[in-house]
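Novice: Position one of the sequence shown corresponds to residue 1 (our numbering), numbered consecutively onward.
No lab work stands behind these hints: they were computed from the structure.
C-beta atoms are modelled at their ideal positions from N, C-alpha and C, and glycine is treated no differently.
Treat the hints loosely; a few may be bogus.
Cβ-Cβ distance ranges computed for the label pairs, FRET-style [said to hold, decoys possible]:
id, residue 1, residue 2, range
1, Arg11, Ile148, 41 to 51 Å
2, Asp15, Arg79, 41 to 51 Å
3, Val93, Asp42, 18 to 28 Å
4, Ala135, Asp15, 45 to 55 Å
5, Asp42, Arg151, 35 to 45 Å
6, Arg16, Ile148, 43 to 53 Å
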Amino acid sequence: MDAARGSGANREAIDRIRRAVDVRIQVGGGVRTAEDAEALLDLGVDAVVVGTTLATRTAEVLSWAERWPGRMVGGIDARMGQVQLAGLVYTAVDRDGMLGGPDLAGGSAAAGSSGLPVLFSGGVGSQADLAAIAATDVAAGAIVGTAIYERRVDLRSAIEVLQHPSDTARWAA
1 MDAARGSGAN REAIDRIRRA VDVRIQVGGG VRTAEDAEAL LDLGVDAVVV GTTLATRTAE
61 VLSWAERWPG RMVGGIDARM GQVQLAGLVY TAVDRDGMLG GPDLAGGSAA AGSSGLPVLF
121 SGGVGSQADL AAIAATDVAA GAIVGTAIYE RRVDLRSAIE VLQHPSDTAR WAA
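Work out the full structure, taking the sequences as your base and the hints as a guide.
Specialist: See the structure below:
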(Lines of atoms letter the chains of each structure in order from A and count residues from 1; the text may use other names and numbers.)
(Lines give C-alpha, C1' and ligand atoms only; values in the text may rest on other atoms or scores of the structure.)
Protein backbone atom coordinates (compact mmCIF):
# COMPACT_ATOMS: atom_id res chain seq x y z
CA MET A 1 0.00 0.00 0.00
CA ASP A 2 2.90 2.37 0.67
CA ALA A 3 4.02 2.26 -2.97
CA ALA A 4 0.46 2.71 -4.22
CA ARG A 5 0.19 5.86 -2.10
CA GLY A 6 3.56 7.10 -3.35
CA SER A 7 5.30 6.92 0.04
CA GLY A 8 7.74 4.09 -0.57
CA ALA A 9 8.44 1.16 -2.80
CA ASN A 10 9.24 -1.49 -0.18
CA ARG A 11 11.61 -3.21 -2.60
CA GLU A 12 14.01 -4.12 0.18
CA ALA A 13 11.23 -5.92 2.07
CA ILE A 14 10.05 -7.63 -1.11
CA ASP A 15 13.60 -8.83 -1.75
CA ARG A 16 13.87 -10.24 1.80
CA ILE A 17 10.54 -12.05 1.43
CA ARG A 18 11.55 -13.44 -1.97
CA ARG A 19 14.78 -14.86 -0.50
CA ALA A 20 13.05 -16.22 2.63
CA VAL A 21 10.28 -18.27 1.03
CA ASP A 22 9.89 -20.68 -1.84
CA VAL A 23 6.46 -19.69 -3.13
CA ARG A 24 5.13 -17.79 -6.11
CA ILE A 25 4.97 -14.07 -5.37
CA GLN A 26 3.00 -11.35 -7.09
CA VAL A 27 3.36 -7.70 -6.17
CA GLY A 28 1.16 -4.73 -6.97
CA GLY A 29 0.67 -1.15 -5.94
CA GLY A 30 2.48 1.87 -7.26
CA VAL A 31 3.58 0.26 -10.53
CA ARG A 32 3.51 3.33 -12.77
CA THR A 33 6.33 2.70 -15.26
CA ALA A 34 8.06 -0.11 -17.11
CA GLU A 35 11.04 0.57 -14.85
CA ASP A 36 8.88 -0.08 -11.77
CA ALA A 37 7.71 -3.39 -13.25
CA GLU A 38 11.22 -4.37 -14.30
CA ALA A 39 12.64 -3.60 -10.85
CA LEU A 40 10.09 -5.93 -9.26
CA LEU A 41 10.73 -8.67 -11.80
CA ASP A 42 14.47 -8.28 -11.26
CA LEU A 43 13.85 -8.95 -7.56
CA GLY A 44 12.43 -12.32 -8.59
CA VAL A 45 8.70 -11.77 -8.17
CA ASP A 46 6.66 -14.02 -10.42
CA ALA A 47 4.03 -11.48 -11.46
CA VAL A 48 3.39 -7.75 -11.28
CA VAL A 49 -0.17 -6.53 -10.68
CA VAL A 50 -1.02 -3.31 -12.52
CA GLY A 51 -4.27 -1.46 -11.79
CA THR A 52 -4.46 2.31 -12.19
CA THR A 53 -1.79 2.42 -14.87
CA LEU A 54 -3.63 -0.29 -16.80
CA ALA A 55 -6.79 1.79 -16.71
CA THR A 56 -5.10 5.05 -17.69
CA ARG A 57 -2.31 3.92 -20.03
CA THR A 58 -3.57 0.60 -21.38
CA ALA A 59 -1.41 0.48 -24.52
CA GLU A 60 1.72 1.09 -22.47
CA VAL A 61 0.90 -1.72 -20.04
CA LEU A 62 0.09 -4.04 -22.95
CA SER A 63 3.60 -3.36 -24.26
CA TRP A 64 4.93 -4.48 -20.88
CA ALA A 65 2.92 -7.69 -21.21
CA GLU A 66 4.59 -8.28 -24.57
CA ARG A 67 8.00 -7.56 -23.08
CA TRP A 68 7.41 -9.89 -20.11
CA PRO A 69 4.93 -12.54 -21.32
CA GLY A 70 2.82 -14.08 -18.58
CA ARG A 71 4.23 -11.80 -15.90
CA MET A 72 1.77 -8.85 -15.96
CA VAL A 73 -1.59 -9.17 -14.17
CA GLY A 74 -4.42 -6.65 -14.50
CA GLY A 75 -5.95 -5.51 -11.25
CA ILE A 76 -9.58 -4.35 -11.24
CA ASP A 77 -10.74 -2.41 -8.23
CA ALA A 78 -14.14 -2.89 -6.64
CA ARG A 79 -16.04 -1.08 -3.93
CA MET A 80 -18.52 -3.04 -1.83
CA GLY A 81 -18.54 -5.85 -4.37
CA GLN A 82 -19.07 -3.59 -7.37
CA VAL A 83 -16.43 -3.15 -10.06
CA GLN A 84 -15.77 0.54 -10.54
CA LEU A 85 -15.51 0.48 -14.34
CA ALA A 86 -17.69 2.13 -16.97
CA GLY A 87 -16.57 -0.28 -19.68
CA LEU A 88 -13.76 -2.37 -21.12
CA VAL A 89 -11.30 -1.84 -23.93
CA TYR A 90 -11.13 -5.25 -25.59
CA THR A 91 -7.93 -5.43 -27.64
CA ALA A 92 -7.39 -8.46 -29.84
CA VAL A 93 -3.60 -8.11 -29.74
CA ASP A 94 -3.10 -10.81 -32.35
CA ARG A 95 -5.18 -8.70 -34.76
CA ASP A 96 -3.90 -5.26 -33.79
CA GLY A 97 -2.68 -3.41 -36.88
CA MET A 98 -3.42 -6.40 -39.13
CA LEU A 99 -6.66 -5.05 -40.70
CA GLY A 100 -8.21 -8.54 -40.74
CA GLY A 101 -11.36 -7.71 -38.79
CA PRO A 102 -12.19 -7.27 -35.11
CA ASP A 103 -12.73 -10.12 -32.68
CA LEU A 104 -16.49 -9.65 -32.31
CA ALA A 105 -16.98 -12.96 -30.52
CA GLY A 106 -14.23 -12.29 -27.98
CA GLY A 107 -15.33 -8.73 -27.30
CA SER A 108 -18.94 -9.80 -26.95
CA ALA A 109 -17.92 -12.60 -24.57
CA ALA A 110 -15.95 -10.11 -22.46
CA ALA A 111 -18.99 -7.84 -22.33
CA GLY A 112 -21.25 -10.75 -21.45
CA SER A 113 -19.07 -12.01 -18.62
CA SER A 114 -18.39 -8.56 -17.19
CA GLY A 115 -21.75 -6.91 -17.82
CA LEU A 116 -19.86 -3.90 -19.20
CA PRO A 117 -19.91 -2.27 -22.64
CA VAL A 118 -16.85 -2.84 -24.83
CA LEU A 119 -14.69 -0.55 -26.90
CA PHE A 120 -13.40 -2.88 -29.64
CA SER A 121 -9.72 -2.57 -30.53
CA GLY A 122 -7.54 -4.49 -32.95
CA GLY A 123 -8.18 -5.66 -36.48
CA VAL A 124 -10.53 -3.00 -37.83
CA GLY A 125 -9.77 -2.77 -41.53
CA SER A 126 -12.92 -1.47 -43.22
CA GLN A 127 -16.20 0.39 -42.88
CA ALA A 128 -17.88 -3.03 -42.87
CA ASP A 129 -15.89 -3.94 -39.74
CA LEU A 130 -17.14 -0.77 -38.05
CA ALA A 131 -20.72 -1.55 -39.08
CA ALA A 132 -20.34 -5.05 -37.61
CA ILE A 133 -19.09 -3.56 -34.34
CA ALA A 134 -21.93 -1.04 -34.26
CA ALA A 135 -24.42 -3.86 -34.86
CA THR A 136 -23.45 -5.63 -31.64
CA ASP A 137 -25.50 -4.81 -28.59
CA VAL A 138 -22.37 -4.41 -26.47
CA ALA A 139 -20.27 -1.90 -28.43
CA ALA A 140 -19.37 1.40 -26.84
CA GLY A 141 -17.26 2.16 -29.90
CA ALA A 142 -14.04 1.19 -31.62
CA ILE A 143 -10.38 2.11 -31.64
CA VAL A 144 -9.23 2.49 -35.24
CA GLY A 145 -5.63 3.29 -36.09
CA THR A 146 -3.98 1.52 -38.99
CA ALA A 147 -7.13 1.52 -41.13
CA ILE A 148 -7.38 5.31 -40.91
CA TYR A 149 -3.65 5.78 -41.39
CA GLU A 150 -3.73 3.59 -44.51
CA ARG A 151 -6.92 5.34 -45.70
CA ARG A 152 -9.01 2.17 -45.67
CA VAL A 153 -11.51 3.87 -43.38
CA ASP A 154 -12.67 7.45 -43.69
CA LEU A 155 -12.67 9.11 -40.27
CA ARG A 156 -15.90 11.07 -40.86
CA SER A 157 -17.70 7.93 -42.01
CA ALA A 158 -16.31 5.96 -39.07
CA ILE A 159 -17.64 8.54 -36.65
CA GLU A 160 -21.03 8.47 -38.35
CA VAL A 161 -21.23 4.66 -38.23
CA LEU A 162 -20.31 4.58 -34.54
CA GLN A 163 -22.09 7.78 -33.49
CA HIS A 164 -24.92 5.90 -31.83
CA PRO A 165 -23.78 2.51 -30.61
CA SER A 166 -26.35 0.48 -28.75
CA ASP A 167 -28.11 2.58 -26.12
CA THR A 168 -27.44 -0.21 -23.62
CA ALA A 169 -23.72 -0.01 -24.29
CA ARG A 170 -23.06 3.69 -23.78
CA TRP A 171 -20.36 4.66 -21.35
CA ALA A 172 -21.17 7.21 -18.72
CA ALA A 173 -19.16 10.36 -19.36
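Novice: So the hint says 41 to 51 Å: do the beta-carbon atoms of Asp15 and Arg79 match that?
Specialist: Cβ of Asp15 to Cβ of Arg79: about 32 Å, so the range 41 to 51 Å is violated.
Novice: Mind checking the hinted window 41 to 51 Å against the Cβ distance between Arg11 and Ile148?
Specialist: Holds: the Cβ-Cβ distance is about 42 Å, inside 41 to 51 Å.
Novice: Is the distance from the Cβ of Arg16 to the Cβ of Ile148 consistent with 43 to 53 Å?
Specialist: 50 Å, holds
Novice: Indicate whether the distance between the beta carbons of Val93 and Asp42 respects the range 18 to 28 Å.
Specialist: 25 Å, holds
Novice: Given the hint of 45 to 55 Å, is the C-beta distance from Ala135 to Asp15 inside that range or not?
Specialist: 52 Å, holds
Novice: Is the distance from the Cβ of Asp42 to the Cβ of Arg151 consistent with 35 to 45 Å?
Specialist: 44 Å, holds
The structure fails hint 2 only (numbered hints given earlier).
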